[in-house]
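Start from the sequences, fold in the hints, and give me the full structure.
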Amino acid sequence: MSPSRIGAIVMRQLYLYRGSPQRILPMFAWVAIDILLWGFITRYLNQVSHSGFNFVPALLGAVLLWDFLTRIMQGVTMAFFEDVWSRNFLNFFATPLRTSEYLSGLVLIGVTTSLLGLAAMLALAWAAFGLSFLSLGAALAPFLMVLFLTGIALGIFGAGVVLRLGPASEWLIWPIPTVLSPFAGVFYPITVLPAWMQLVSKALPPSYVFEGMRRGVAGKPIPWDQLAIGGVLSVAYLLLACAFFAAIYRYAIRTGLIARYSAESVA
Amino acid sequence: MTAVAPILSVQNLCKSFGALKAVDGVGFDVAPGEIVGLLGPNGAGKTTTINMILGVLAPTSGRIEIEGVDLKTQRTRALQSTNFAAVYAPLPGNLTVEQNLTVFGMIYSVKNLRARIDELLADFDLARFRRTKAGVLSSGEQTRLSLAKAMINRPRLLLLDEPTASIDPSTARDIRAAISAYVDAGHCGVLWTSHNMYEVEAVCDRVMFLSRGKVLLQGDPRQLTKDHGAASLDDLFVQVAHEALHDASLVPPPPVAAP
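Sequence lines, in order, name chains A and B. Just so you know, the first sequence maps onto residues 1 to 267 in my numbering. Just so you know, the second sequence maps onto residues 1 to 259 in my numbering.
Simulated from the structure, these hints should not be mistaken for lab results. Virtual Cβ for every residue (Gly too), placed ideally from N, Cα, C.
Going by beta-carbon spacing under 8 Å, a handful of chain A positions derived as facing chain B:
id	residue
1	4
2	5
3	8
4	86
5	253
The following block contains the structure:
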């Protein structure tokens with residue numbers, strides 16, 4: 001892989017951010033709104049509930065981590081959509097650029113923007129609502145890594161779907177995190193779900209993260225074996241997503257989809 | 001005298017879309033310092049052929065070699081010394097002229113990129129648009145930018161699909177001269193499609209007439225005109241396109257009527 005070609009994909013996106021505040025604002029604005037909304041909800045729940053249960057880490061922490069996954073996925077897909085919107089595939093893929101380099105560039109920019117968003121979320125949640133993950137220390141890293149890999153896998157999968165089905169299908173991609181969230185047990189233990197939903201949950205790496213986090217913030221031992229399953233699953237999904245994108249790319253090269261990519265031409 | 005190795009070698013190239021044979025057994029070479037015109041009516045298979053040479057469309061069969069490198073097995077290496085400009089592939093309008101050239105220069109790992117960009121901005125009269133977004137340039141200026149991008153890696157093989165469409169005659173003449181000079185100096189080979197027969201006659205050393213995916217005629221554009229008793233290349237184009245249309249062997253069978 002060529003660092004220069006990967007750098008070109010990253011640089012293209014940085015140029016877009018530099019010249020367009022409207023692209024930078026959503027990286028922080030939606031995150032801030034989510035944190036404020038859920039922060040006040042958890043504060044209210046702490047006031048009216050006399051159970052002694054602290055809702056701040058349970059709910060606000062969950063929102064923060066779920067937003068992190070969503071931002072990673074969107075960071076990858078947004079960079080890809082820039083090429084969809086500017087109909088740039090022919091220009092890029094008629095060059096020495098490899099698909100692995102293109103995807104690496106998308107992932108790098110997705111990682112950068114989501115880490116900036118995470119930093120803003122953590123700062124706001126700590127300053128406004130006293131939420132801190134510092135008590136978890138280095139143990140937080142594996143949780144974030146599983147979400148991180150899952151977000152990248154979802155982003156690459158989404159890019160593959162849009163490459164195959166055309167720009168209009170981007171509306172299938174945006175709701176993916178929302179569709180997955182009931183199964184991922186973001187706000188509740190997956191044991192409250194019906195049996196068939198629990199089966200789906202067990203196939204989703206984030207469900208292991210949120211189950212583990214709930215135990216962690218409750219002061220119980222973190223189930224590392226369960227988190228390891230989530231980690232293995234997230235790596236498997238990432239590999240599958242890359243293979244899926246590569247297969248779609250080969251299809252696009254075979255059928256001429258890359259050369260005539262537009263909403264009208266894609267069936 | 002030793003034979004010069006071709007920059008582009010296309011052998012028995014075929015591309016089918018279902019029952020439609022868009023390109024059917026096309027073969028040709030482009031030598032260093034040669035500009036080859038690929039002519040034909042709309043739908044003849046010119047752009048399909050160019051897309052296959054650019055690696056964005058897989059041939060059904062056949063072989064493409066760029067400087068002796070097989071495109072199918074060593075795509076990245078083969079395309080390192082190739083570039084293209086086409087009217088239907090404008091550069092991202094939300095990047096400035098300089099940013100576009102920087103991104104594509106990085107993709108081709110161009111050495112001394114800053115200097116190369118300055119050189120191209122001067123050559124294509126784009127210096128005053130350095131910080132202008134490509135999307136707000138006139139169509140002629142966008143074409144010049146596409147050509148500057150096509151030159152960024154000093155390609156050995158240049159594919160130009162109607163490169164001077166939407167450019168005024170004066171600028172088109174300058175651009176033809178610039179490309180011809182580049183070809184003469186750098187031993188680059190060019191495959192050039194155009195519907196402007198005056199332009200083809202002015203710049204091409206050799207032309208190929210394509211119709212329904214097959215090469216019907218090829219040779220020196222001036223000699224072909226004489227040999228076929230045509231008044232001009234324009235007339236020869238019309239004549240060949242008309243004959244191909246009425247040649248039963250080239251016309252696909254009529255569709256079977258529904259029962």
